[in-house]
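Enquirer: Below, each chain spelled out in residue letters.
Number of protein chains: 2
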Amino acid sequence: MRVFVAQLNPTVGDMEGNTQKIISALEHAREKRADVVVFSELVLCGYPPEDLLLHPAFVDAQAQYLERVVKASQGLFAVVGTVRRNPSAGEKSIFNSAAAIQDGRLLGFVDKRLLPTYDVFDERRYFEPGKTSKVWEYQGQRIGITVCEDIWQHAGLVGFTNYACDPVLDLVAQKPDVVLNLSASPYHFDKPSMRVKVCASTSRTLHCPVILCCQVGGNDQLVFDGYSLVVDQEGRLRQVAKGFEEDEMVVELGALPAPCHFKYDAIHDLYHALVLGVRDYMHKLGLKKGCLGLSGGIDSALVACIAVNALGKENVLAVSMPSMYSSEGSRTDAELLVENLGVELLNLPIHSTYGALMETLAPALQGQTPDVTEENLQARIRGTLLMALSNKLGHIVLSTGNKSEMAMGYCTLYGDMCGGLGVIADVTKAQVYALARYVNRQREIIPASTISKAPSAELRPNQKDTDSLPPYDIVDEVLRAYVEDFHSPEEIASFYKIPLDLATDLVRRIHRAEYKRRQAAPSIRVSKQAFSAGRRFPIVQKWK
Amino acid sequence: MRVFVAQLNPTVGDMEGNTQKIISALEHAREKRADVVVFSELVLCGYPPEDLLLHPAFVDAQAQYLERVVKASQGLFAVVGTVRRNPSAGEKSIFNSAAAIQDGRLLGFVDKRLLPTYDVFDERRYFEPGKTSKVWEYQGQRIGITVCEDIWQHAGLVGFTNYACDPVLDLVAQKPDVVLNLSASPYHFDKPSMRVKVCASTSRTLHCPVILCCQVGGNDQLVFDGYSLVVDQEGRLRQVAKGFEEDEMVVELGALPAPCHFKYDAIHDLYHALVLGVRDYMHKLGLKKGCLGLSGGIDSALVACIAVNALGKENVLAVSMPSMYSSEGSRTDAELLVENLGVELLNLPIHSTYGALMETLAPALQGQTPDVTEENLQARIRGTLLMALSNKLGHIVLSTGNKSEMAMGYCTLYGDMCGGLGVIADVTKAQVYALARYVNRQREIIPASTISKAPSAELRPNQKDTDSLPPYDIVDEVLRAYVEDFHSPEEIASFYKIPLDLATDLVRRIHRAEYKRRQAAPSIRVSKQAFSAGRRFPIVQKWK
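Line by line, the protein sequences give chains S and X.
Residues in the first sequence are numbered consecutively from 1, following the working numbering.
Residues in the second sequence are numbered consecutively from 545, following the working numbering.
Source of the hints: derived by calculation from the structure; they are not laboratory data.
Note that the Cβ used here is the ideal one computed from N, Cα and C, for glycine as well.
Incorrect hints may appear among the rest.
Said to hold, decoys possible - Below 25 Å or equal to it, Euclidean Cα-Cα: the simulated DMTMM-like pairs (lysine to aspartate or glutamate) are: (1) S:289 x X:918; (2) X:1060 x S:14; (3) X:1072 x S:50; (4) S:191 x S:103; (5) S:92 x X:594; (6) S:392 x X:918; (7) X:832 x X:858; (8) S:544 x X:604; (9) S:197 x S:252; (10) X:1086 x S:51; (11) X:1086 x S:245; (12) X:675 x S:91; (13) S:92 x X:635; (14) S:392 x X:915; (15) X:735 x S:51; (16) X:1072 x S:91; (17) S:453 x S:477; (18) X:1060 x S:51; (19) X:735 x S:119; (20) S:191 x S:166; (21) S:542 x X:558; (22) S:288 x S:314; (23) X:1086 x S:91; (24) S:92 x X:1029; (25) S:542 x X:1029; (26) S:197 x S:119; (27) X:833 x S:477; (28) X:936 x S:371; (29) S:71 x S:166; (30) X:1088 x S:314; (31) X:1086 x S:60; (32) X:1008 x X:1035; (33) S:242 x S:14.
Said to hold, decoys possible - Estimated spans, in silico, between C-beta atoms of each pair: (34) X:869 x S:368: 27 to 33 Å; (35) X:899 x S:245: 47 to 53 Å; (36) X:737 x S:367: 52 to 58 Å.
Claimed, not checked - Reference listing, derived: stretches of chain S covered by chain X, where coverage requires no fewer than 3 residues with Cβ under 8 Å from a Cβ of chain X: (37) 44-57; (38) 114-123; (39) 226-240; (40) 264-275.
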């Protein structure tokens, strides 16, 4: 039996476009003489549809588009992710389902049983859990069908949750010959290799191969990395589809290729996740061009490289906005970078606007001493200039702040935080350096001096980030331990051997900056726990 | 039996402060010779705690604070809302519980069974549902204990959900003499009167009085209105606590006062919800002073009035920032308003900064014709000036955009959208007018000309809102029907008798502005469906 794995990049809500992709994949499957075709979770509407699911018209439309897919399934057994109405009285009125289709007929549905309601997932908000696990017979083979989370708990890899049932165990008595899993499993740093473990755990329990079909592409803040895969009945990896692009994979069940290793380079993948995140955010919105402020520092340099890879150099506009505090080195670094990238550079000095604002404010601020106000003014003039270019020329502003800064609130609301998309807002400072080295792996694109100099916002004379912050390696440790792993300051101080006062102060700073992050540009989520998608934190709270 | 209802205003995460409030209420209850004391849902940690619940230290702390409450309960039977660990293996590791306490001993817990996971509620993200409904006996009386949602489904007033069990019916066999309900039920327009129906439905089924204890106060974007209440065994309202402030109510079960009506003025309540929302947002963050841009229009005039009521006139700074397009009428209206309110007015013209920005941008924008860019520049200069005042003087910027504008995207990101709190961002334009008339009910505070003139952003000569938008009454109708009630454009066109093209266009505009709203200041939620809290909508989607 030949299984065709359709790793597609659906757009949320684009039922017409997604249906065309699905029908086209069915044609390819026939061309490849496949017997079975598997699609990803909710491929018909794209994942995650969020509150579109609350619109009855949105749910009803899926049944109509599914009919078109059913009609196009001649000669095949196909499994398609779709929303369907719950025909019984249940807590919720819809299921997250896999439609089983054969030869132009809809055979029925398998409803997702384990509904993740943690992190970026809100499935209990919308869906009723499925009640049974099912196997369909086709060409004498017993095909077990599962949807994403259904096989995760079995591998012990689910967070914050311990479901009452185990769909994998429930399949044991049904003796499947192969298990298909329809997935929409968002990328985060180091996650792709987890999926091999998940599938291996299922295959060892059920003594059959497992084929995972993953969604690929960016939808809002989430990036889906693809990497659909096949493990054999002993849990050994046999085939992997491409990462970060659409792919089609034919699996000959009786003749799997030799066991292989999952070739995984975490920084390479992180880079490509960001590129795909930018590209899909823009292109799915029908936008082509991006602009960004280029300070000469490492953050904006990295974002410029990602933007060029995502949008093409002809669609990226870099803007240098020097002030009285901009160093000569920063200017030449910025110029060198745009030369290396071949992008256009605009030069818009901020002195005169700064002067006009200070004069306007003078009567109100008489007798006050300079403080962060003057620094923020510079950042906000830059934000205003970028937004004016964006309004007039149609370039979307790409925001360049990193996660470590966002954690500490070391960023200016309505200033450097302006933008349609926060490209590296979920990337720590240490990862920024690693990504810059990755960009330069073959030749120097980001100037070496950009990478080697001490980070500075250049908003006052001789400013360094370390004037206001502890070294970034400590910031990053506390950030990871507190935000990603929910450890207490006491645990963090003891584990990392830093003073308790420092750990507590950094945690307080993380909380104090919540109000800023709430107004940040949407950002591409690439870590286990971003500040944006998947974290719901009160601004007004007195816990820490 | 005398029941003391402690309608408190807890702060999320402030376990120390909340515990002191609880212990102080226990003392008052003894002074009033009460037998039983009932608190609101999760009163110990404040509602909603959101992802603080994922921090083990946060959960553990509640058990410790609960011990202090238990020790302080001499001579009383008390029911206190708290988080507790799930002692069994369950899908989630904590319960949303009511601790039953008697005379210095912890008797046990009643766990909330119906966990709302829709709208602003995410309870399945955190909590395991309770399995049984319970009655405790005290002084020969059988006291049924329920937590908030537990009694809502019985009245048929739950949205998007149809729970599998009914805790009210499960209490029938246990024959309670009275039912207590611990609530944290956020205000929205017209909601308080719904709670009377909810309690009446339970009391009629169980043939006993129901006492509802509600949280009061603002926490982040939610306002809790209080109005704790008592219905008798026939569902007639007998007692109501104050709205929008802390209150203590003694209920003599054997001698309830005569049946009464719920005195409810929707616009009065809306106004007070906004005032409380502003006051608690600021004061719980330890902030006193607010500032706002005063344009002479009705939106900023209303926000100024709300701010004065919430913070005191000495803590409100109004800022006039005239441009070449500001009308004389707007200036005199603004001056008259600040005189009526007794607040300080600063005058910061934006001409010179606008000139400097246009000059800086000239080389980049050569040959382009004026468009929305120039309008946004003016709004962004104003935002920048307000933020500079905020940075230097410590006033939090109060954002003045209304819901109808936010729906249409008729607002400038990083311009008039700047602010720490969006005061009227969930108030429609029609409600803004009604609130302005409410403010003026005794004497003219908001100048009559502010109310009577046609709305204008004054960002170009003779501009009117209707140049860019359909009349606000149509905008508001579509907004309500689409966003609050999930109707399709076809249904809306037919129901309101407007052209389908217009309905579709307005729905598209609502979706297109999603990216702006995502970066809006947090706002006070006062409608059934706000754009902020309780709505999760993709930016990148092609449904409409």
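Enquirer: Hints numbered earlier in the text: which of these fail when held up against the supplied structure?
Expert: 4, 19, 23, 25, 27, 29, 30, 32, 39, 40
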